[in-house]
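Participant: Sequence:
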Amino acid sequence: MFATFFKELRDAKIPVTLKEYLTLLEALAAGAAGRRVEDFYYLSRTALVKDERHLDRFDRVFGHVFKGLDLMSEAETAEIPEEWLRAVSSLYLSDEEKAAIKALGDWDKIMETLRKRLAEQNERHQGGNKWIGTGGTSPFGAYGYNPAGIRIGQHESRHRRAIKVWDKREFKDLADDLELGVRNIKVALRRLRRFAREGAAEELDLDQTIRNTAGKGYLDLALRPERRNAVKVLMFFDVGGSMDWHIRTAEELFSAARSEFKHLEYYYFHNCLYESVWRDNARRWSETTPTWQVLNTYPADYKIIFVGDASMSPYEITHVGGAVEHMNEESGATWLQRVSGIYHRAVWLNPVPETHWGYTPSIGLVRRLMDGRMFPMTLTGLDAAMRELMR
11 MFATFFKELR
21 DAKIPVTLKE
31 YLTLLEALAA
41 GAAGRRVEDF
51 YYLSRTALVK
61 DERHLDRFDR
71 VFGHVFKGLD
81 LMSEAETAEI
91 PEEWLRAVSS
101 LYLSDEEKAA
111 IKALGDWDKI
121 METLRKRLAE
131 QNERHQGGNK
141 WIGTGGTSPF
151 GAYGYNPAGI
161 RIGQHESRHR
171 RAIKVWDKRE
181 FKDLADDLEL
191 GVRNIKVALR
201 RLRRFAREGA
211 AEELDLDQTI
221 RNTAGKGYLD
231 LALRPERRNA
241 VKVLMFFDVG
251 GSMDWHIRTA
261 EELFSAARSE
271 FKHLEYYYFH
281 NCLYESVWRD
291 NARRWSETTP
301 TWQVLNTYPA
311 DYKIIFVGDA
321 SMSPYEITHV
331 GGAVEHMNEE
341 SGATWLQRVS
351 GIYHRAVWLN
361 PVPETHWGYT
371 PSIGLVRRLM
381 DGRMFPMTLT
391 GLDAAMRELM
401 R
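Using the numbering used here, you'd call the opening residue of the sequence shown number 11 and step up by one each time.
By construction, these hints were calculated from the structure, which means they are not laboratory data.
Where a beta carbon is used, it is the ideal one built from N, C-alpha and C, also for glycine.
Check before you lean on any hint, since a few could be wrong.
Cβ-Cβ distance ranges computed for the label pairs, FRET-style [to be verified]:
| no. | residue 1 | residue 2 | range |
| --- | --- | --- | --- |
| 1 | Leu214 | Pro324 | 30 to 38 Å |
| 2 | Arg55 | Pro324 | 45 to 53 Å |
| 3 | Glu285 | Arg401 | 43 to 51 Å |
| 4 | Leu229 | Thr14 | 55 to 63 Å |
| 5 | Leu65 | Gly382 | 30 to 38 Å |
| 6 | Leu231 | Glu285 | 49 to 57 Å |
| 7 | Gly44 | Ile220 | 44 to 52 Å |
| 8 | Ala42 | Leu214 | 47 to 55 Å |
| 9 | Leu214 | Lys242 | 45 to 53 Å |
| 10 | Asp381 | Ala40 | 19 to 27 Å |
| 11 | Glu364 | Arg258 | 12 to 20 Å |
| 12 | Leu231 | Thr56 | 30 to 38 Å |
| 13 | Ala310 | Arg45 | 52 to 60 Å |
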């Protein structure tokens, strides 16, 4: 059984190693899981899952192996697997319950009625006795009452009268193409870490304090600098134009980066990097900073992250005077090459889906200028970008 579990996890593309599997078996032999399936679930998840994005996939495999559930397809549909419902009902319904259901109506009729409700209903309903909703007497829904029906979306049984429970999964799969949020971005950015002890000695060094006290015969406190992320990050955000469609994603990335990196500097640009950047978009024309000044201020050990859709006229990248808002004295390609020459760890994060990159020539130009170091704004893309920056 456990060997099947291990194989199913590997087949589901969850990176479980043989050592982790043997660790789980050792924990089971030591009685760490007790006799409850819930304890075994948490033990196995702790031992076998290393990345949050695999949690939902692990849950599906666990249910498939140990509860006999069919693996869910990636696309959820409204159609109910009738054979599965019949099989489950025969397992969990007592003879008395089956008799009561039969007295109320034919199973096929109940299922056919539910299908019709799903096809006809186009809004939420509360109360009532017909539609799928909450708090009513309909045979379909949640938090209401009916002698026999199908419970949908309710987290627990109240009257224990449902002939079938159809619960939608209440969590999102942390998959590679998941819609990003601040929390998920933070998880991805944490790969970009190099801890060091810098600054004033304000943190108690317990081990050294014990050694000092034992050697001197009196309490001798030892302090040390706090251990912090020493990675230095310089970010350039594209704003305006087509980036307005991606402003929320950019804001989430910025918010996550500010909380993750102690040494973070940032500037704004439009479409492509030119001779000046700015910190305040409201004063972008009156308070700009020369790009040369930025490059001379931050040393080469900074990690550079460009954030933009790279969607523009190719002339804005390749030609002098090609910028859409001003007459640039040097091409955008010249400035991107300068950045790549100074900072050996630089990436470009693009919020446009990677499958669409081929339709925009400017994206290909920027990607070549970045030596291929353009990554999509997905969890997989962020993870790959952080790996590149830490090489």
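Participant: Indicate, hint by hint, whether the structure satisfies it.
Facilitator: For each hint, the structure was consulted:
Here the CB-CB span from Leu214 to Pro324 is close to 58 Å, at odds with the stated 30 to 38 Å. A beta carbon spacing of about 49 Å between Arg55 and Pro324 agrees with the range 45 to 53 Å that was offered as a hint. For Glu285 paired with Arg401, a C-beta distance near 30 Å fails the hint of 43 to 51 Å. Checked against the hint of 55 to 63 Å, the C-beta distance between Leu229 and Thr14 comes to roughly 58 Å, which is consistent with it.
At roughly 31 Å, the beta carbons of Leu65 and Gly382 sit within the given window of 30 to 38 Å. A hinted range of 49 to 57 Å for the beta carbons of Leu231 and Glu285 is consistent with their spacing of about 53 Å. In this structure, Gly44 and Ile220 break the distance hint of 44 to 52 Å, their C-beta atoms being roughly 37 Å apart. For Ala42 and Leu214, the Cβ-Cβ distance of about 33 Å falls outside the hinted range of 47 to 55 Å, so the restraint is violated.
The supplied range of 45 to 53 Å is broken by Leu214 and Lys242, whose beta-carbon atoms lie about 27 Å from each other. Checked against the given bound of 19 to 27 Å, the beta carbons of Asp381 and Ala40, roughly 50 Å apart, lie outside it. Distance hint check: the CB atoms of Glu364 and Arg258 are about 19 Å apart, consistent with the given range 12 to 20 Å. In this structure the supplied range 30 to 38 Å holds for Leu231 paired with Thr56, their Cβ-Cβ distance being about 36 Å.
Restraint check, Ala310 to Arg45: a C-beta distance of roughly 59 Å satisfies the suggested window 52 to 60 Å.
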